[in-house]
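Listed here are the chains, written in short residue letters.
Number of protein chains: 2
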Amino acid sequence: MAKQISDLKLGILGGGQLGRMLIQEAINYNLTTLVLDPDTDAPCKHLANYFECGSITDFDTVYNFGKKADIITIEIEKVNIEALEQLEKEGKQVFPQSRVIRLIQDKGVQKQFFKENNIPTAPFQLVNTREEMRHSRFAFPYILKQRRDGYDGKGVMKINHAADIEQAFDAPCLIEEMIDFEKEIAVIVARNANGDMKTFPMVEMEFNAEANLVEFLISPSTYPEALQNKAEVIAKNIASSLNITGLLAVEMFVTRNGELLVNELAPRPHNSGHQTIEGNYVSQFDQHLRAIFNLPLGDTRSISNAVMINLLGEKNHNGVAKYQGLEKTMAIDGVYIHLYGKKYTKPFRKMGHVTVVDQNRESAVQKANYIKNTLKVIS
Amino acid sequence: MAKQISDLKLGILGGGQLGRMLIQEAINYNLTTLVLDPDTDAPCKHLANYFECGSITDFDTVYNFGKKADIITIEIEKVNIEALEQLEKEGKQVFPQSRVIRLIQDKGVQKQFFKENNIPTAPFQLVNTREEMRHSRFAFPYILKQRRDGYDGKGVMKINHAADIEQAFDAPCLIEEMIDFEKEIAVIVARNANGDMKTFPMVEMEFNAEANLVEFLISPSTYPEALQNKAEVIAKNIASSLNITGLLAVEMFVTRNGELLVNELAPRPHNSGHQTIEGNYVSQFDQHLRAIFNLPLGDTRSISNAVMINLLGEKNHNGVAKYQGLEKTMAIDGVYIHLYGKKYTKPFRKMGHVTVVDQNRESAVQKANYIKNTLKVIS
Chain A
1 MAKQISDLKL GILGGGQLGR MLIQEAINYN LTTLVLDPDT DAPCKHLANY
51 FECGSITDFD TVYNFGKKAD IITIEIEKVN IEALEQLEKE GKQVFPQSRV
101 IRLIQDKGVQ KQFFKENNIP TAPFQLVNTR EEMRHSRFAF PYILKQRRDG
151 YDGKGVMKIN HAADIEQAFD APCLIEEMID FEKEIAVIVA RNANGDMKTF
201 PMVEMEFNAE ANLVEFLISP STYPEALQNK AEVIAKNIAS SLNITGLLAV
251 EMFVTRNGEL LVNELAPRPH NSGHQTIEGN YVSQFDQHLR AIFNLPLGDT
301 RSISNAVMIN LLGEKNHNGV AKYQGLEKTM AIDGVYIHLY GKKYTKPFRK
351 MGHVTVVDQN RESAVQKANY IKNTLKVIS
Chain B
1 MAKQISDLKL GILGGGQLGR MLIQEAINYN LTTLVLDPDT DAPCKHLANY
51 FECGSITDFD TVYNFGKKAD IITIEIEKVN IEALEQLEKE GKQVFPQSRV
101 IRLIQDKGVQ KQFFKENNIP TAPFQLVNTR EEMRHSRFAF PYILKQRRDG
151 YDGKGVMKIN HAADIEQAFD APCLIEEMID FEKEIAVIVA RNANGDMKTF
201 PMVEMEFNAE ANLVEFLISP STYPEALQNK AEVIAKNIAS SLNITGLLAV
251 EMFVTRNGEL LVNELAPRPH NSGHQTIEGN YVSQFDQHLR AIFNLPLGDT
301 RSISNAVMIN LLGEKNHNGV AKYQGLEKTM AIDGVYIHLY GKKYTKPFRK
351 MGHVTVVDQN RESAVQKANY IKNTLKVIS
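These protein sequence lines map, in sequence, to chains A and B. With the UniProt record's numbering, letter number 328 in the first sequence gets 328, and the count goes up by one each step, no holes. With the UniProt record's numbering, letter number 312 in the second sequence gets 312, and the count goes up by one each step, no holes.
For reference, chain A alone in the conformation it holds in the complex (with noise of 0.2 Å):
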């Protein structure tokens, strides 16, 4: 028999909750883990099979790290490409592509992609430095992208007028129009080597305006069909042209006149696919792993209706992490609490999820506000 799932060591970049969450689901299949992080406290530390503290944008780290897996994924963009590069040229498996990645990594590039590719998305113009930004012809508020190392809110301004652009990032950014759109939405799709594609359901995100974080998530969608059957297309249309093997979380616009603009790509399990484990057959973790192990794509129909709050440290909280009103939440029926082993709080860090799962949909979103106001991440 070919070597199978069971027999392969799976390398992951990056040992945060993306990778803790691949781990619970890579249990299943007895594949042997081994991550790289440089927090030696990392959520993944405990789970994985081997565990190699180091950094994952140094050269030499993850590639000596990468020859030690069969096939190596990312749960994070920021890792040395030119590693991935070399190890797939000494014909190990990397996925997503380390070319996906590259793309990816610069939004500036990204966006180029979506023109090229007929991909509709906000407009834009590339700059490198704080005097361009003067001369550019966008119009007053817009907003500004650095085209590198942006996450969780952070690398992105509102530029409201000139004297804005004093404070702005002076590094290569993307000026982008201010979209006044109605909802943000997001469809995952996962695409495997034999180029079989499926999507998630569409879901709705809602914001937390002051962290710029995803706070509430609601799955699946009530948009009308059409407009979810085209965001599905979109986002396979993207995994197409990508000709990517792995997951690709698409983040789309939906604009006061019903467009759909792409906003960015994550190519691998993303915040906006947490409720698939509970709300869907399949989980974003696993379609993952029959992606990038070339196994059938499993079934991404919903099985209920799913609300994912997202858990995050409570302001003026730094310290040991303590989780006030984790009784009175878990008293809840239909409710998954999802904690991602981190030691330390900090205001807005991603400490977990809490995921509802209810047959009628505005009691899951009653249940999800009472928890957003009872549990509490302190110090």
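Check before you lean on any hint, since a few could be wrong.
A pair counts as met if it fits within one copy or between any two copies, since identical chains are not told apart.
Below, simulated DMTMM-like cross-link-like pairs (lysine to aspartate or glutamate); rule was C-alpha separation at most 20 Å, straight line [to be verified]:
no. : residue 1 : residue 2
1   : Lys350    : Asp7
2   : Lys328    : Asp196
3   : Lys372    : Asp333
4   : Lys343    : Asp7
Hints listed in this document are in silico derivations from the structure and should not be mistaken for laboratory results.
Position chain B relative to chain A; hints supplied.
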């Protein structure tokens, strides 16, 4: 704030598949897990925060291990009770309590407990020697069970006539009247320290006659509600009478005239509850944690029809395990693979399980039959 689940250390005696699935849930609560198991390759080895290779029946080993934990639980009954008693005396929480494990370890004492508490069970007689068997008033054929250390079909035999006694166990045994049963069923009940109790819906088991092991498990049962309620009441009565903290699996026979007779107890997560992971709102593993940490018990309702197939090592195969038919199995919608991380297979060894979830019961059973014939553990 008082110490909470995420601050505590759970010691688990036994590091097999039940411990493994318990840890998969414990991850979600940031629970620190410590495992003691004599097998250097135990399924829990790489998942526990701390793994100790040692005997779970040796006083010193269990006692010293237990001292490192805040709460101690078991995944197998054959453990050193005296060490657990000593740990309880010194203030450690042991759930299920040592006296419950002691009672259940001995099938003779278990049967006497049923009798004393008016729990319906098959007529029985305790015998210490073959000589006593020869003088038993029980008519042939009858069932002979060793009072101690039987598991997975071991320690049980059918005595068809007097001549069989010469080959019988020569140890303290239990003679039990042969029950002409229609079906074996099980109810799992959870009880926390507050005395809150919840039962999972009754499930039906189908046995592999050759191995005397559960092959199929169907949830929920389609027996009349009255019978199901009766089974749940019996399970709750036993849990209350035992004053147990934790899970209790109650296996029963449904006789041809619709009577319920309790067969055996297991004070822990149990094979008859594996389908709860995907088939019910709360899983038996989550529920066990909730019970032993005195947290609110979860919603035990079924989400869907679920059929669980035990994945047993094929006959005539001994050696490093291979999973034939895995891809074909994964191509079916609503199928969940759970491999137990055991490197070596042998005939009838429990190597994993598969759960099929389907809104249509017939379809779930059909898929399960297909999987039973498709997915094989070979060497």
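Now for the hints, and whether the structure bears them out:
Within a single copy, Lys350 and Asp7 get their C-alpha atoms only as close as 33 Å, which misses the 20 Å cut-off; across copies the closest is 18 Å, which meets it. Taking CA atoms no more than 20 Å apart as the test, Lys328 paired with Asp196 passes between copies only; the shortest distance there is 15 Å, against 43 Å inside one copy. Only within a single protomer do Lys372 and Asp333 lie at most 20 Å apart by alpha-carbon distance; the minimum there is 16 Å, versus 34 Å between protomers. In this assembly of identical chains, Lys343 and Asp7 lie within 20 Å of each other by CA distance solely across copies; the values are 10 Å between and 33 Å within a copy.
Consistency note: the structure conflicts with none of the earlier hints.
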